[in-house]
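So the protein sequences, as listed, match chains A and B.
Here this note's numbering is used: position 290 in the first sequence is 291, and no number is missing along the way.
Here this note's numbering is used: position 76 in the second sequence is 232, and no number is missing along the way.
The hints are simulated quantities; they were obtained by calculation from the structure and are not laboratory data.
Hints may be right or wrong, so weigh each one.
Said to hold, decoys possible - Derived pair list, reagent style SDA-like, types lysine to any residue, alpha-carbon separation capped at 20 angstroms: (1) K10(A) to Q202(B); (2) K226(A) to N24(A); (3) K178(B) to K12(A); (4) K155(A) to L261(A); (5) K159(B) to D268(A); (6) K12(A) to A35(A); (7) K10(A) to I236(B); (8) K290(A) to D279(A); (9) K269(A) to A122(A); (10) K282(B) to G87(A); (11) K159(B) to E30(A); (12) K213(A) to E238(A).
This structure is a prediction, so every number in the text was calculated from the model and none was measured.
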Amino acid sequence: MNYKEVTWKNKRQIGRMITMVENAVEGHEEVFEALYEKTGSAYVIGITGPPGAGKSSLTDILARSFISRDKNVGIIAIDPTSPFTGGSILGDRIRMNELSTDPRVFIRSMGSRGQLGGLSAATSSAVQILDAVGADIIIIETVGVGQSEVEIVKHADSILMVMVPGLGDDIQAMKAGIMEIGDIFVINKSDLPGANKTKIEVEAMLSFMPKKSWRPPVLLASATKEEGIEEVVDALESHRAFQEEDGLLFERRKRNLNELLFEILQDKLFRQVKKLEDYPLVLEELTEKTIDPYAAANQLFEKI
Amino acid sequence: MEKPIRVLVGKPGLDGHDRGAKVIARALRDAGMEVIYTGLRQTPEQIVQAAIQEDVDCVAVSILSGAHNTLLPKINQLLIDGDAADILFVAGGVIPEADIQFLKDNGVKAVFTPGTPTTVSIDFIKENVKR
Ligand SMILES: Nc1nc2c(ncn2[C@@H]2O[C@H](COP(=O)(O)OP(=O)(O)OP(=O)(O)O)[C@@H](O)[C@H]2O)c(=O)[nH]1
Ligand SMILES: [Mg+2]
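Isolated chain A, as found in the complex:
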């Protein structure tokens, strides 16, 4: 495969390239070598929130709005993997079936665990491939539970936090760290009772957070009734314009790349260490308490 020549039309090749980077198979680094210079034009939106909040339904309808403006849309939908069997059921496509056959759309599902190079690295890689081959907008959907899932959306240019009516106590319980990453809040299922109350609660919660130059809007929407969607698209566009104007987008991407680099380095280092002949020995000594963990780390580090 000549990676450089793959375009948005070549769905089979795109799919295969993503598999390569997802599994960090031999040769996956060449994909980057060929494609990296072509990345940077896509705008990346992260969608997160509690299970069943309507993230996939919103992704579907937002994607439809973008393709009606003739944009190519890439979607990466992440679902949890069972830590016990390593298996998973990735069901986000159920809400996006009509998009499957649209030539302007590419949808990929991923399990949250078991990526050889780490989940963030795998997701980032998939994003970069979609970007390089012609996506204008990329949407990443991940359920907002667990550190690794939340880490993912941090790599996005705008983060949409999806909530639903009656979350009340759940909002209180959500770690501040999770609420803080939202750039735009959507109270989905506004057709159900209590949406306004939740909106007020979220706004109150946000008012306690450190003030940033961007004030996250809190919007009401219904993905199934197709209400309030234009407002969400407008908010995304305002956030993008806001960041582009002040050079914030550049800063944000630099910060994200720094983290990605760090993750790749960490992974490489880890593999190197595990390959060391001394590794099992040192582990043994550590277990027997003949050396302490820092001494063990130093010993291994020097052997690399």
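Given the coordinates of chain A, assemble chain B with the ligands onto it according to the supplied hints.
Okay, now just chain B with the ligands, sitting in the frame of chain A:
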């Protein structure tokens, strides 16, 4: 960790429920596979496009509607047209014995009729995916 086998489970045609498909989806998950579940009322085009974008190792469809003799060969043809004939294609559901050979001649590598233990389907998939 080893790369999990990726399987698309979908239901072509117009049948009204997807109990059987869900049972097989869960069994495959419990066997350590990554199951992309696309749900009910899929057109052959949707199934094949999803299989290509997801780069699955296997397409497993469940069918009860009786339309297998038209839908399954159509899926096979679309896989061939999409340069994806290397994806293992299997089917399960209510399919009369008399139709099985015809389906096998049209790219369906295995047909699992009601009562087939899920372990049989799982083993077949494990042994026959190309990777
Ligand atoms: N009443 C109502 N139901 C909705 C709305 N949006 C989504 N739903 C329903 O909520 C359920 C979950 O929707 P999904 O889009 O799958 O939610 P999700 O957040 O992607 O779910 P997970 O990926 O499993 O965490 C489905 O039954 C949807 O039909 C809405 O605006 N109003
Ligand atoms: Mg979802």
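Comparing the hints with the structure gives:
no., hint, result
1, K10(A) to Q202(B), "holds, 16 angstroms"
2, K226(A) to N24(A), "violated, 39 angstroms"
3, K178(B) to K12(A), "violated, 27 angstroms"
4, K155(A) to L261(A), "holds, 11 angstroms"
5, K159(B) to D268(A), "holds, 17 angstroms"
6, K12(A) to A35(A), "holds, 18 angstroms"
7, K10(A) to I236(B), "holds, 17 angstroms"
8, K290(A) to D279(A), "holds, 16 angstroms"
9, K269(A) to A122(A), "holds, 12 angstroms"
10, K282(B) to G87(A), "holds, 15 angstroms"
11, K159(B) to E30(A), "holds, 17 angstroms"
12, K213(A) to E238(A), "holds, 18 angstroms"
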